[in-house]
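Participant: Each protein sequence line maps, in turn, to chains A and B.
Sequential numbering of the first sequence, starting at 1, is according to my numbering.
Sequential numbering of the second sequence, starting at 1, is according to my numbering.
Rather than coming from a laboratory, the hints here were simulated on the basis of the structure.
All values derive from a computational prediction rather than experimental measurement.
For each residue, glycine too, the CB sits at the ideal point set by N, CA and C.
One or more hints might be untrue.
The list that follows gives simulated cross-link-like pairs (lysine-lysine, DSBU-like), each with its CA atoms no further than 30 Å apart [stated by the list, open to error]:
| id | chain 1 | residue 1 | chain 2 | residue 2 |
| --- | --- | --- | --- | --- |
| 1 | A | 156 | A | 227 |
| 2 | B | 204 | A | 14 |
| 3 | A | 140 | A | 337 |
| 4 | B | 132 | A | 241 |
| 5 | B | 135 | A | 13 |
| 6 | A | 14 | B | 132 |
Between beta-carbon pairs, the in silico distance windows are [claimed, not checked]:
| id | chain 1 | residue 1 | chain 2 | residue 2 | range |
| --- | --- | --- | --- | --- | --- |
| 7 | B | 123 | A | 36 | 30 to 38 Å |
| 8 | A | 75 | B | 169 | 53 to 61 Å |
| 9 | B | 45 | A | 89 | 36 to 44 Å |
| 10 | B | 133 | A | 17 | 21 to 29 Å |
| 11 | A | 36 | B | 122 | 25 to 33 Å |
| 12 | A | 58 | B | 192 | 49 to 57 Å |
| 13 | A | 61 | B | 96 | 30 to 38 Å |
| 14 | A | 169 | B | 96 | 48 to 56 Å |
| 15 | B | 65 | A | 278 | 25 to 33 Å |
| 16 | B | 204 | A | 230 | 52 to 60 Å |
| 17 | A | 15 | B | 66 | 41 to 49 Å |
| 18 | B | 171 | A | 411 | 34 to 42 Å |
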Amino acid sequence: MAESSKEFSIVGKKTPRIDAYERVTGQAQYTGDLQLPGMLYARVLRSSVPHAKIASIDTSKAEKLPGVKAIIHHGNAQVPWSSGGLTHRRYIFNNPVRYVGDPVAAVAATDRHIAEDALKLIEINYEKIPHVLDANEALKPDAPKITPNGNLSVGKGPFSAPIEESWGDVEQGFKEADKIFEDTFITKHVNNAQMERRVSIARWDAGKLTVYASTQGVSNARTDIAKDFGLPLSKVRVICKYMGGGFGNKNQAQDYDYMAAMLAKAADQPVKLEFTREDDFIGMHGRWSSEQHYKVGVKNDGTITAVMLDAVTNMGAYRKQSGNLSGTDFYNIPNFKKVVKPVHTNTVVAANYRAPAYPQSVFGFASFLDQIAFELGLNPLDMFLRNRAQKSKGKLAYTPITWNSALSKARSASAGAKNGTSPAQRPVRKSMASEWPSAAIPFGQALALQPSESIQTVPRTCWSASPTSARVQNRRWRSSPRKRSAFRSTKFNSLTAIRT
Amino acid sequence: MGEEKKGARFSRRSFLKSIGGGALGTAVVSTGLIKTDDAAAYVSETVGVGRGKTAVALKVNGKTYRVQVEHRQTLAEVLRDELGLTGTKIGCDRGECGACTVIIDGRNMYSCSQLAVWMQGKDILTIEGLAKGDKLDPLQEAFIEHDGPQCGFCTSGQIMSGKAVLMKNPKPTEAQVRRGLSGNLCRCGNYNREVAAVLAAASKTS
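The following block holds chain A by itself, in its conformation from the complex:
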């Protein structure tokens, strides 16, 4: 696209971030920075076993510790957490506990060290139940049942069956294909790991509850809290100060908001409940892991005739969100059938993490198409362009202007690199920071075009933190410059490293 020569007074001009001054001077106040008068500090005790009935819980020693003001657990604080479990009822403290990290108790004390000390004095008698950690194992008939309905995550309404989507006739599509390819791709659970540890401060004033929550969804959190506490909306206020990262998993009220509120009520003092970093990893949901089996029919020219996707996604012990895999959305597939089975296991919960259903399956499907292009002797970029969808589900148009100009720039730059005319002589990296899902590359993806004209969409979140899904990329990423150039010299190099 031609660059506009028109000068504007605001458009095209640099504007400092509106709160940059506060952020660079340390004045920006995050939830954890708040100090309310008389405020207590709270910590959470978590299950040390993956699956167990709590036979007894003894808090008497902890209560005697000077400075301890309130202790809550399933026996005295049975609050439902409606957005925490969509297929079976979840409370802020559950009995039985269903994963290592399931909250068992919370303590409010005059300082955080005393709260931590008190956790160690709580005695819990677990009656262990057999557990299952792997999604495929969990689907076997003799696997320990995590929910009353079994381990295939089904419940009411939109969650009454596995996720299925189909159109056309896949059998006919495979008959029309010149070649059929099958392969399996896996991705692992990824934690958001925002820099700010999770924190919530609750205060009651004459029956009115104020929660200072580090949340992306102030309104969602407010309605959730009002519903689960049985309060009218007018009695609940949720305030979000500066937030230290969200990345899509802070859209509802969280169990620690409820715990802070219950502790504040029990102690009749404001309570700040902070997670430790360990709490954050074992007690908060991350991106669902997946095992994706694809069967793809193609013509010799690269045209897709049919795709079948059979997948399981590991949702952990409770179902908070869809568990879907949607990476095939960006392609024109005339005959399509998808079955995704969200599964419960005795592992930490998985739910929304930026572009929830996309990076996992864009990684799987885009990687597979690159491999297929290699097998067919085609240029992966041409194969992508041949099959890419112009519209999302045939309706809403993707953003073709930026997309096409980015692609053509990348293509010409890589051609230059190939001829040795580019000064950098390095793979070109283009990021598509576009609104999910209205663009061809979901938010959180990087698109790389190599001098070999291989195109690679990289699920950055998987790539940066997931050991298994990213194995191939990481290996190349860490390879020496000399090795990288060796990769570049390969004509159809489908999985190539991205350099920063």
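Chain A is already provided as a structure; the job is to place chain B on it using the hints.
Facilitator: Below, chain B alone, put in the same frame as chain A:
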């Protein structure tokens, strides 16, 4: 909670226990490991360890604060909870993320991994001490100019590490800046902007 590998790891608490809150001010040692197989005994023994208090004079941003600190309190906690200097953030509380970075006697250090009682006589600089009145430090200005902060939670630490680089070497190379900031994680992924900001501040001040 987190104590599962007793004897295998060095933790702040096990270290505190080994010194019994007594011989403070010694250098970090690697002998503070607890050899016990009895989890219950370990748990009860560690409860309350380090609760004793000592008066220290903390010199922070040129001001001297006299405070009673618990032996188990870290510098980060005391800065935030006792002195109200909440610009220093705690991201991991175990010396991995760098959000709590402050400058102690000219070196950038994780304040979550320094006990407050060790800080007697040290010169501590935090994010709040960089600006001179309304005049921002050139590095802070560069962070605004280059959009260094996104969510901003790591920003204080990034700036303090960048400042330490510039205090040591006013004209660092890009590689030196990257190395200097390598102990500071940013989950929004603003690394390139943070490096650019430090380099820009270096060229501005020269």
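Participant: With reference to the structure, classify each hint as holding or not holding.
Facilitator: Verification of the hints:
1. Proximity of residue 156/A to residue 227/A is assessed by CA-CA distance (about 19 Å); at most 30 Å being required, the pair is judged to hold.
2. With a C-alpha separation of about 19 Å, the suggested pairing of residue 204/B with residue 14/A holds against the 30 Å cut-off.
3. As the CA atoms of residue 140/A and residue 337/A are separated by approximately 23 Å, the hinted pair is consistent with the 30 Å bound.
4. For the hint linking residue 132/B to residue 241/A, the alpha-carbon distance of about 26 Å falls within 30 Å, and the restraint holds.
5. A threshold of 30 Å between alpha carbons decides the hint, and for residue 135/B with residue 13/A the separation of about 24 Å falls inside it, so the pair holds.
6. A C-alpha spacing of about 26 Å is found between residue 14/A and residue 132/B, which places the hinted pair at or below 30 Å, so the restraint holds.
7. Distance hint for residue 123/B and residue 36/A: a CB-CB separation of about 32 Å, consistent with the stated range 30 to 38 Å.
8. A beta carbon spacing of about 60 Å between residue 75/A and residue 169/B agrees with the range 53 to 61 Å that was offered as a hint.
9. The hint said 36 to 44 Å for the Cβ distance between residue 45/B and residue 89/A, and at roughly 40 Å that hint holds.
10. For the hinted restraint 21 to 29 Å between residue 133/B and residue 17/A, the CB-CB distance of approximately 22 Å keeps it satisfied.
11. Taking the beta carbon of each, residue 36/A and residue 122/B are about 31 Å apart, inside 25 to 33 Å as hinted.
12. Taken as a hint, the range 49 to 57 Å holds for the pair residue 58/A and residue 192/B, whose Cβ atoms sit roughly 53 Å apart.
13. Checking the proposed 30 to 38 Å range against residue 61/A and residue 96/B shows it holds: the Cβ atoms sit about 32 Å from each other.
14. Between residue 169/A and residue 96/B the CB atoms are about 53 Å apart, so this pair conforms to the stated range of 48 to 56 Å.
15. Between residue 65/B and residue 278/A the C-beta distance comes to about 31 Å, which sits within the given range of 25 to 33 Å.
16. Checked against the hint of 52 to 60 Å, the C-beta distance between residue 204/B and residue 230/A comes to roughly 58 Å, which is consistent with it.
17. Range check, residue 15/A to residue 66/B: Cβ separation about 44 Å, and the 41 to 49 Å hint holds.
18. Under the hint 34 to 42 Å, the C-beta atoms of residue 171/B and residue 411/A, about 39 Å apart, fit the expected range.
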